[in-house]
Amino acid sequence: MKAIWIYEKKLQYPVRVSKCDPKLAKMLIEQYGGADGELSAALRYLNQRYSIPDKVIGLLTDIGTEEFAHLEMIATMVYKLTKDATPEQLRAAGLADHYVNHGHALFYHDAAGNPWTATYIQAKGDPIADLYEDIAAEEKARATYQWIIDNTDDPDIVDSLRFLREREVVHSLRFREAVEILKEYNSTKKMF
Amino acid sequence: MSTVEKTPSQWRVYRSYHSPFDPCSPRTRYFNVPPNVLQPFQTSARKQFAPHEALRKGTLWPEYYSPYPPETRGGEAE
Amino acid sequence: MSETPPQMPKAYYQYLHELQSIDFVLCELTLYLDTHPEDEQALAQFTQFQKRKHNLMTQFEAAFGPLYEFGVSPISGGKWTWSQTPWPWQV
Numbered sequence: 001m002k003a004i005w006i007y008e009k010k011l012q013y014p015v016r017v018s019k020c021d022p023k024l025a026k027m028l029i030e031q032y033g034g035a036d037g038e039l040s041a042a043l044r045y046l047n048q049r050y051s052i053p054d055k056v057i058g059l060l061t062d063i064g065t066e067e068f069a070h071l072e073m074i075a076t077m078v079y080k081l082t083k084d085a086t087p088e089q090l091r092a093a094g095l096a097d098h099y100v101n102h103g104h105a106l107f108y109h110d111a112a113g114n115p116w117t118a119t120y121i122q123a124k125g126d127p128i129a130d131l132y133e134d135i136a137a138e139e140k141a142r143a144t145y146q147w148i149i150d151n152t153d154d155p156d157i158v159d160s161l162r163f164l165r166e167r168e169v170v171h172s173l174r175f176r177e178a179v180e181i182l183k184e185y186n187s188t189k190k191m192f
Numbered sequence: 001m002s003t004v005e006k007t008p009s010q011w012r013v014y015r016s017y018h019s020p021f022d023p024c025s026p027r028t029r030y031f032n033v034p035p036n037v038l039q040p041f042q043t044s045a046r047k048q049f050a051p052h053e054a055l056r057k058g059t060l061w062p063e064y065y066s067p068y069p070p071e072t073r074g075g076e077a078e
Numbered sequence: 001m002s003e004t005p006p007q008m009p010k011a012y013y014q015y016l017h018e019l020q021s022i023d024f025v026l027c028e029l030t031l032y033l034d035t036h037p038e039d040e041q042a043l044a045q046f047t048q049f050q051k052r053k054h055n056l057m058t059q060f061e062a063a064f065g066p067l068y069e070f071g072v073s074p075i076s077g078g079k080w081t082w083s084q085t086p087w088p089w090q091v
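Protein chains in written order, with the numbering used here: chain A, 1 to 192; chain B, 1 to 78; chain C, 1 to 91.
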């Protein structure tokens with residue numbers, strides 16, 4: 001039906017924030033523009049599709065697409081935590097450096113302020129190497145969500161973060177299955 | 001006190017070597033072994049959460065649900 | 001001072017949550033079918049949930065405006081409402 005990505009005017013999962021706490025935004029930005037964040041994930045998988053065997057292209061397309069939905073969720077959390085914060089509140093949250101460069105804008109950098117870079121994502125052109133990279137990326141993202149949850153006492157944010165963490169578990173499972181599918185490649189009946 | 005768990009725990013316990021010169025008191029540490037690691041290929045789609053619960057849990061598949069923070073981490077409590 | 005746009009009614013959130021639940025089942029089944037394309041029972045469930053999504057989406061869009069554009073969602077009331085607030089991060 002569509003040969004382009006299409007925007008859906010809704011989030012995959014509800015995002016609620018129970019208090020004005022810009023400090024949280026500083027941590028969450030790790031999953032926006034960090035090495036194992038959602039932007040990295042989406043671009044990593046979508047880019048690997050052009051060299052992966054046909055049987056797993058669909059999976060990379062669909063997981064890559066879902067990662068953009070997660071990126072929008074993280075953006076929503078950061079937006080809600082910072083949109084009405086004063087420069088003083090942002091400074092108190094350790095966001096003064098961010099503010100002088102970006103104001104209230106979001107930016108693709110990690111929690112420590114390092115800008116997003118293409119070197120975060122790998123594309124080796126070797127199906128096994130690339131899928132193991134993807135499995136590792138999902139486990140790292142899962143761990144990152146754990147560390148953010150450990151540092152968060154906002155129950156509503158934790159609720160959304162637990163959802164995102166569980167998605168990493170399911171994505172990792174699917175990539176592991178993709179490895180199994182590749183192992184069987186020559187023994188399948190249909191050869192193209 | 002240690003308890004024998006019926007379902008395999010998704011948590012593993014470890015303690016590192018503690019030197020008399022380490023400044024902080026020793027800490028039991030845990031790491032997660034999520035169900036996708038224990039069962040890396042889904043064999044059936046029959047067992048499912050109902051749609052609302054699936055959304056809340058972040059997966060349709062009870063076999064691949066990995067709670068965090070965990071209710072219990074298994075092993076011995078300090 | 002400029003006025004803030006009116007807030008969304010409670011029903012919007014209820015419909016949205018319903019739609020998110022159905023869509024989530026379809027999302028999970030999509031990934032499952034990507035690695036298990038031969039599972040006919042899962043495929044049948046997918047088709048069944050597609051119908052539920054379609055019905056729900058039709059009601060939602062009639063009440064709260066289009067969920068997609070580029071010609072995918074219907075235009076209701078002869079007005080272009082796609083670009084109106086609220087956007088997903090605003091609600």
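It is worth saying that the hints were derived from the structure and are not from the lab.
Positions of the beta carbon are idealized from the N, C-alpha and C atoms, including for glycine.
One should not assume that every hint holds.
DSBU-like cross-link-like pairs, simulated, lysine-lysine; straight-line CA separation at most 35 Å [to be verified]: (1) A:Lys-140 / B:Lys-57; (2) A:Lys-23 / A:Lys-183; (3) C:Lys-51 / A:Lys-9; (4) A:Lys-9 / A:Lys-23; (5) B:Lys-47 / C:Lys-51; (6) B:Lys-47 / A:Lys-83; (7) A:Lys-19 / B:Lys-57; (8) A:Lys-140 / C:Lys-53; (9) C:Lys-10 / C:Lys-53; (10) B:Lys-47 / B:Lys-57; (11) A:Lys-124 / A:Lys-19.
Listed next, with one range per pair, are the computed distances between beta-carbon atoms [to be verified]: (12) A:Thr-65 / B:Cys-24: 40 to 46 Å; (13) C:Lys-10 / B:Pro-67: 28 to 34 Å; (14) C:Val-72 / A:Glu-180: 44 to 50 Å; (15) C:Thr-85 / A:Glu-180: 42 to 48 Å; (16) C:Val-72 / A:Pro-155: 33 to 39 Å.
Structure-based check of all given hints:
1. Between Lys-140 of chain A and Lys-57 of chain B the alpha-carbon distance is near 20 Å, which keeps this suggested pair within the 35 Å criterion.
2. This hinted pair does not check out: Lys-23 of chain A and Lys-183 of chain A have alpha carbons roughly 46 Å apart, beyond 35 Å.
3. Proposed proximity of Lys-51 of chain C and Lys-9 of chain A is supported: the alpha carbons are some 20 Å apart, at most 35 Å.
4. For the hint pairing Lys-9 of chain A with Lys-23 of chain A, the CA-to-CA distance comes to about 28 Å; that is within 35 Å, so the pair holds.
5. The hinted pair formed by Lys-47 of chain B and Lys-51 of chain C meets the criterion: a straight-line CA distance of about 21 Å does not exceed 35 Å.
6. With a CA separation close to 42 Å, the supplied pair Lys-47 of chain B and Lys-83 of chain A exceeds the 35 Å bound.
7. Note on Lys-19 of chain A and Lys-57 of chain B: the hinted pairing holds, with a Cα-Cα distance of about 23 Å set against a maximum of 35 Å.
8. Proximity of Lys-140 of chain A to Lys-53 of chain C is assessed by CA-CA distance (about 33 Å); at most 35 Å being required, the pair is judged to hold.
9. Proposed proximity of Lys-10 of chain C and Lys-53 of chain C is supported: the alpha carbons are some 20 Å apart, at most 35 Å.
10. Taken as a hint, the Lys-47 of chain B and Lys-57 of chain B pair is honoured in the structure, with Cα atoms around 14 Å apart against an allowance of 35 Å.
11. With a C-alpha separation of about 43 Å, the suggested pairing of Lys-124 of chain A with Lys-19 of chain A is violated against the 35 Å cut-off.
12. Separation of Thr-65 of chain A from Cys-24 of chain B is about 45 Å and conforms to the stated range, judged on CB atoms against 40 to 46 Å.
13. A hinted range of 28 to 34 Å holds for the C-beta pair Lys-10 of chain C and Pro-67 of chain B, which are about 30 Å apart.
14. Look at Val-72 of chain C against Glu-180 of chain A: about 35 Å separates their beta carbons, and that is not inside 44 to 50 Å.
15. Here the CB-CB span from Thr-85 of chain C to Glu-180 of chain A is close to 46 Å, well matched to the stated 42 to 48 Å.
16. Look at Val-72 of chain C against Pro-155 of chain A: about 36 Å separates their beta carbons, and that is inside 33 to 39 Å.
Violated hints for the displayed structure, listed by number in ascending order: 2, 6, 11, 14.
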